Every structure is written in structure tokens, then in C-alpha cells.
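Here is what each chain is made of, one letter per residue.
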Amino acid sequence: GENVEQHPSTLSVQEGDSAVIKCTYSDSASNYFPWYKQELGKRPQLIIDIRSNVGEKKDQRIAVTLNKTAKHFSLHITETQPEDSAVYFCAANQQRALTFGSGTRLQVQP
Amino acid sequence: NAGVTQTPKFQVLKTGQSMTLQCAQDMNHNSMYWYRQDPGMGLRLIYYSASEGTTDKGEVPNGYNVSRLNKREFSLRLESAAPSQTSVYFCASSEVDPNQPQHFGDGTRLSIL
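In order, the protein sequence lines correspond to chains H and D. Sequence positions in the first sequence follow this note's numbering and run 3 to 112. Sequence positions in the second sequence follow this note's numbering and run -1 to 111.
These are computed hints drawn from the structure, not numbers from a lab. Just so it is clear, the structure is predicted and the values come from calculations on it, not from any experiment. Check each hint, because a few of them may be wrong.
With beta-carbon atoms standing in for the labels, derived distance ranges [said to hold, decoys possible]:
1) D:Lys69 x H:Ala31: 19 to 29 Å
2) H:Ala31 x D:Lys12: 39 to 49 Å
3) D:Asp54 x H:Glu81: 33 to 43 Å
4) H:Glu17 x D:Gly14: 46 to 56 Å
5) D:Thr3 x H:Asn69: 33 to 43 Å
6) D:Ser16 x H:Lys70: 41 to 51 Å
7) H:Ile64 x D:Gly14: 42 to 52 Å
8) H:Ile64 x D:Gln15: 15 to 25 Å
9) H:Leu48 x D:Asn68: 40 to 50 Å
10) D:Val10 x H:Ser54: 39 to 49 Å
Among chain H residues calculated to face chain D with C-beta under 7 Å, some are [claimed, not checked]:
11) Tyr34
12) Arg45
13) Pro46
14) Leu48
15) Phe91
16) Phe102
17) Gly103
18) Gly105
Heads up, the beta-carbon is just placed ideally off N, CA and C, and yes, glycines get one too.
Please model the complete structure; the sequences and the hints are all you need to start from.
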């Protein structure tokens, strides 16, 4: 089945710096890659997603890049703010379900 | 617009007890999912229902059963709870399949003593 690995598990940055989280996947048939943000005690919420027919997608301070040949995709957050502090999960689809990475705890230091 | 609603929000059970977690969505989505979330392990799929009347096993189905009661509702049942099932359970739904965004409920925190 699909296996999604996510790195790093924790990331601490200074406010205003950029943060990058990387994921790799195993199933070459995967074609949908969402990213979720989860604040403490809250539900996961979709922040951006990308499909296999594009290599990059941006939404304000957030961008995702996809390299299908290498089977990896990354989340980029620029000009980080304290409210970006949360756990971020990547995921990849396999048949009719999503497989999630183990999460990255991002802490933005003011 | 409530989205995905889960009940209860918290529950404490004794080993061997049974209970059903309820999930309902009002977005007219076809697909629904149950995940469990344990510390440091992300979200793991227990069962999913691609459409009304169908259910399929996910990564960690042992000890659970599900029912897709109608298009809106998808329940998860623990027949004989075990301490290893202590977790946060999330229900999610999507329009057709996981190529569309999944919307999550607020979760059920379940402790089994």
C-alpha cells in the first residue's frame, strides 16, 4: 500500500523566516496531495492541495511543490507568523482513501 | 452550515464495554471516512465508505465495525473496547473520492480504562 514519510517531525523558526516541510510517497499511481494544518485540540483543516498535473501551487504565503519523478512534495511557508504554529500533515491518495504522513510540529518563535 | 458533526465529544469506557461513535455530514458528500489519531502517528484510516451502501477496510480495521446508515450518517462501533483503542477519532467526508478535499469533524476523545 501507500507509504508517506514526512520530515522533519519538529521545526522551530523565527517569526518572519521561511519553513519547509517535505514528504515522500511510494505509490506512483497517487495523483492528489493535500496538506492539513491542525491546531492543538482542533480538527485538521485543509490549507492547500496539489494534483499531479501541476508542479507548483501558491496561495498567499503558502506554496506546495510536487516532483512526480522523485515522488516527493513539499510545503513552503514564507514570512511565518506565530499563528502558523501548529502540526502540519501531508497526505497522498491511494485508490479511494488518503494516507497521511506522521506530522510536523511547527513552532514560530516571536 | 454544520459540516461534519461527531458525537460524543468525549467518552470514557471500561475494557470490554461497547459503544458507537456517530458521524453526520450535511454537505451531500458521497464518501465518508473514520480515522484514529495517536500521538506522533498522524491519522490512520480505520474504515471508509465510498458511497451509500458500501464500506471498505482501511489500514487499522481490527476491533471496529462500521455502518453507512444513509448518505448523511456513518457510524463506528467498538464491540469490546480495549485500552489500545484509546485515541482521538475523526470522521471526515468528501464529495466523491479522496481526489477531492476531505472535511473533518471535531473529533471524539475516547479513553478506555
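Hint-by-hint comparison with the structure:
| no. | hint | in the structure |
| --- | --- | --- |
| 1 | D:Lys69 x H:Ala31: 19 to 29 Å | holds (28 Å) |
| 2 | H:Ala31 x D:Lys12: 39 to 49 Å | holds (43 Å) |
| 3 | D:Asp54 x H:Glu81: 33 to 43 Å | holds (42 Å) |
| 4 | H:Glu17 x D:Gly14: 46 to 56 Å | holds (50 Å) |
| 5 | D:Thr3 x H:Asn69: 33 to 43 Å | holds (38 Å) |
| 6 | D:Ser16 x H:Lys70: 41 to 51 Å | holds (45 Å) |
| 7 | H:Ile64 x D:Gly14: 42 to 52 Å | holds (46 Å) |
| 8 | H:Ile64 x D:Gln15: 15 to 25 Å | violated (43 Å) |
| 9 | H:Leu48 x D:Asn68: 40 to 50 Å | violated (25 Å) |
| 10 | D:Val10 x H:Ser54: 39 to 49 Å | holds (44 Å) |
| 11 | Tyr34 | holds (4 Å) |
| 12 | Arg45 | holds (4 Å) |
| 13 | Pro46 | holds (5 Å) |
| 14 | Leu48 | holds (5 Å) |
| 15 | Phe91 | holds (6 Å) |
| 16 | Phe102 | holds (4 Å) |
| 17 | Gly103 | holds (6 Å) |
| 18 | Gly105 | holds (5 Å) |
Hint compliance for this structure: hints 8, 9 are not met, and every other hint is.
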